[in-house]
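Please take these sequences and the hints and turn them into a complete structure.
There are 2 protein chains.
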Amino acid sequence: MDFKSWSTERASHFELCAKKALPPDNRLPWKLHEAMRYAVLDGGKRIRPLLAYAAGELVGAKEEALDHIALALEYIHSYSLVHDDMPCMDNDTLRRGKLTTHKKYGEAMGMLTGDALQAQAFYELTQTKLAGDQIAVLVKVLATAAGSAGMCGGQAVDLLSVHQKLDLDTLTLMHRLKTGAMIRASALMGLYAGEQLPPPALIGLIIQYADAIGLAFQVIDDILDVTADTAVLGKTAGKDAAEDKPTYVSILGLNQSRIMAQNEINRALEALKSIEELSEIYQGKTTRLEEIARYILSRDH
Amino acid sequence: MDFKSWSTERASHFELCAKKALPPDNRLPWKLHEAMRYAVLDGGKRIRPLLAYAAGELVGAKEEALDHIALALEYIHSYSLVHDDMPCMDNDTLRRGKLTTHKKYGEAMGMLTGDALQAQAFYELTQTKLAGDQIAVLVKVLATAAGSAGMCGGQAVDLLSVHQKLDLDTLTLMHRLKTGAMIRASALMGLYAGEQLPPPALIGLIIQYADAIGLAFQVIDDILDVTADTAVLGKTAGKDAAEDKPTYVSILGLNQSRIMAQNEINRALEALKSIEELSEIYQGKTTRLEEIARYILSRDH
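The listed protein sequences correspond, in order, to chains A and B. With this note's numbering applied, the first sequence corresponds to residues 5 to 305, in that order. With this note's numbering applied, the second sequence corresponds to residues 5 to 305, in that order.
Among the clues, some could well be false.
For identical chains, the list gives no copy identity; a pair is met inside one copy or between any two copies.
[Claimed, not checked] Keeping only pairs whose Cα atoms sit at most 20 angstroms apart, straight-line, the calculated EDC-like set for lysine to aspartate or glutamate is:
| hint | residue 1 | residue 2 |
| --- | --- | --- |
| 1 | 66 | 199 |
| 2 | 24 | 67 |
| 3 | 249 | 111 |
| 4 | 249 | 225 |
| 5 | 35 | 94 |
| 6 | 23 | 38 |
| 7 | 169 | 247 |
| 8 | 107 | 94 |
For the record, the hints were derived by calculation from the structure and aren't laboratory data.
Below, the structure written as structure tokens:
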């Protein structure tokens with residue numbers, strides 16, 4: 005199966021899982037459940053689920069466990085978008101080509117939707133049917149990636165950096181937290197879903213891979229904010245410049261940004277090559293991870 | 005030790021644990037960490053930690069595990085207060101006698117503070133040094149109580165009920181979710197920290213106890229909103245009536261509300277009596293739980 009077919013199939017499968025797992029909107033409090041479903045369903049590139057599925061393939065993880073991990077990752081990601089779009093943060097009206105959650109359901113409900121999705125994410129991890137020790141590790145990895153040492157921390161740095169002149173290192177630190185931490189967690193959690201504890205060498209290489217594609221993802225995001233238009237992007241283009249936010253493009257320029265993204269993807273591919281050399285168990289099993297890396301470089305939205 | 009000494013000692017002990025466990029405000033992103041510490045430290049009645057410690061005593065749970073459980077409970081509670089106080093929700097300026105978190109740090113940081121505290125709560129559960137299976141149960145109980153089937157769900161019902169005439173049953177359902185779910189979780193998580201899985205009869209009785217004091221707590225809250233003044237309360241008094249929110253006092257009147265609170269406390273005390281009769285293991289070990297119930301009835305803030 006080529007990457008497009010695989011990723012489309014995985015995304016549809018994920019959508020079915022999410023429809024089944026999210027609290028139904030005919031159960032009280034139905035309005036909150038409706039908003040949670042609105043925030044998660046029918047949208048997004050599902051990069052984090054794809055990463056978890058692809059990393060899980062490396063270690064022969066069971067699909068059922070990966071499904072719940074994918075849900076947990078996407079709930080956290082979705083909640084962060086809902087909160088990020090609110091007036092006190094980015095004040096955005098469009099997301100994934102539709103109204104942002106708070107625009108549709110009101111600000112208070114938007115905040116609660118995000119809050120409830122975060123709790124639901126940790127609940128999902130308890131539904132994996134993995135051993136207790138594995139669930140505990142998954143909770144720890146996800147909580148670390150989502151909290152102040154990860155995503156929320158990156159958003160705080162981002163918040164404090166508007167109208168500031170950031171250097172490249174600080175910008176990169178911010179993104180390593182803001183988006184990188186959850187991308188790293190996505191790949192790691194796929195590994196931890198395997199029956200055996202992954203060997204440290206594999207963990208190290210998956211981190212190298214994930215950190216590289218995470219950074220490339222962000223650089224491409226900054227490039228698309230300048231080069232793509234709103235219709236293709238599904239969110240408001242040109243916002244970074246309008247808001248005087250530091251980006252890779254504003255620091256490095258378009259050309260150097262493209263080179264940086266390519267370099268990061270190369271680093272990611274090198275990590276995958278080292279994984280294949282690590283043991284014959286992994287041989288031929290990094291294809292999906294490689295395709296994800298190449299997709300991130302070539303995406304147009 | 006009498007209740008006042010015990011609860012003061014536990015609250016100081018909790019404070020020390022929280023000071024140590026919360027990310028230090030000299031670590032990046034320091035502003036977020038400062039706000040997280042501001043939201044949690046130096047405030048509150050610590051009812052949820054007290055309940056976890058008291059329930060843990062019943063089953064001989066280790067203090068270290070209870071400490072992390074107490075932290076997790078209070079992080080969730082604190083985050084809910086931070087978000088609840090924001091302009092799009094209750095728009096409050098005072099909490100525990102000091103400025104609300106978003107008033108001190110700004111709205112965006114307030115939202116992130118709450119979000120990061122929720123993640124930190126689940127992280128704490130992985131630090132209990134309990135068996136993986138126990139951690140998984142604790143995560144499940146906390147996530148259920150905090151999410152749309154619990155606290156967030158109750159807040160959503162609350163949100164949709166302003167300016168509505170609620171009947172007593174709907175008001176009670178709302179509070180069972182909004183505050184009751186986390187109070188139930190506090191007692192349950194104390195039990196689950198014991199070395200053995202608690203017997204179903206004990207779980208049932210602890211739930212009866214916790215649900216009764218949870219309801220009494222809310223009825224007393226509604227009474228205090230009418231009868232106490234802002235200085236003693238540490239938050240703005242008289243807000244419910246000013247905002248035309250349905251309360252026990254508005255539906256039942258002051259007198260009947262007081263009787264209802266007393267009845268719920270009686271139900272809680274009966275549950276404790278049944279626990280003592282369940283097995284000699286529990287004899288003489290429900291004293292703290294009883295004192296908490298009596299305190300809830302008599303509190304003036």
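Verification of the hints:
Taking CA atoms no more than 20 angstroms apart as the test, residue 66 paired with residue 199 passes inside one copy only; the shortest distance there is 9 angstroms, against 30 angstroms between copies. For the identical chains of this complex, residue 24 and residue 67 are intra-copy neighbours only, at 15 angstroms inside a copy versus 39 angstroms across copies, given an alpha-carbon limit of 20 angstroms. Proximity of residue 249 and residue 111 under a CA criterion of 20 angstroms is satisfied inter-copy only: 19 angstroms between copies versus 24 angstroms inside one chain copy. Within a single copy, residue 249 and residue 225 get their C-alpha atoms as close as 13 angstroms, which meets the 20 angstroms cut-off; across copies the closest is 45 angstroms, which misses it.
In this homomeric assembly, residue 35 and residue 94 come within 20 angstroms of each other (Cα to Cα) only across copies, at 19 angstroms, whereas the closest approach inside a single copy is 24 angstroms. Taking the closest pair of Cα atoms, residue 23 and residue 38 come within 20 angstroms of each other only inside a single copy of the chain (11 angstroms); across copies the shortest separation is 38 angstroms, beyond that limit. Proximity of residue 169 to residue 247 under the C-alpha cut-off of 20 angstroms is restricted to the intra-copy arrangement: shortest distance 13 angstroms within a copy versus 44 angstroms between copies. For a Cα distance limit of 20 angstroms, the shortest separation of residue 107 from residue 94 qualifies both inside one copy, at 13 angstroms, and across copies, at 19 angstroms.
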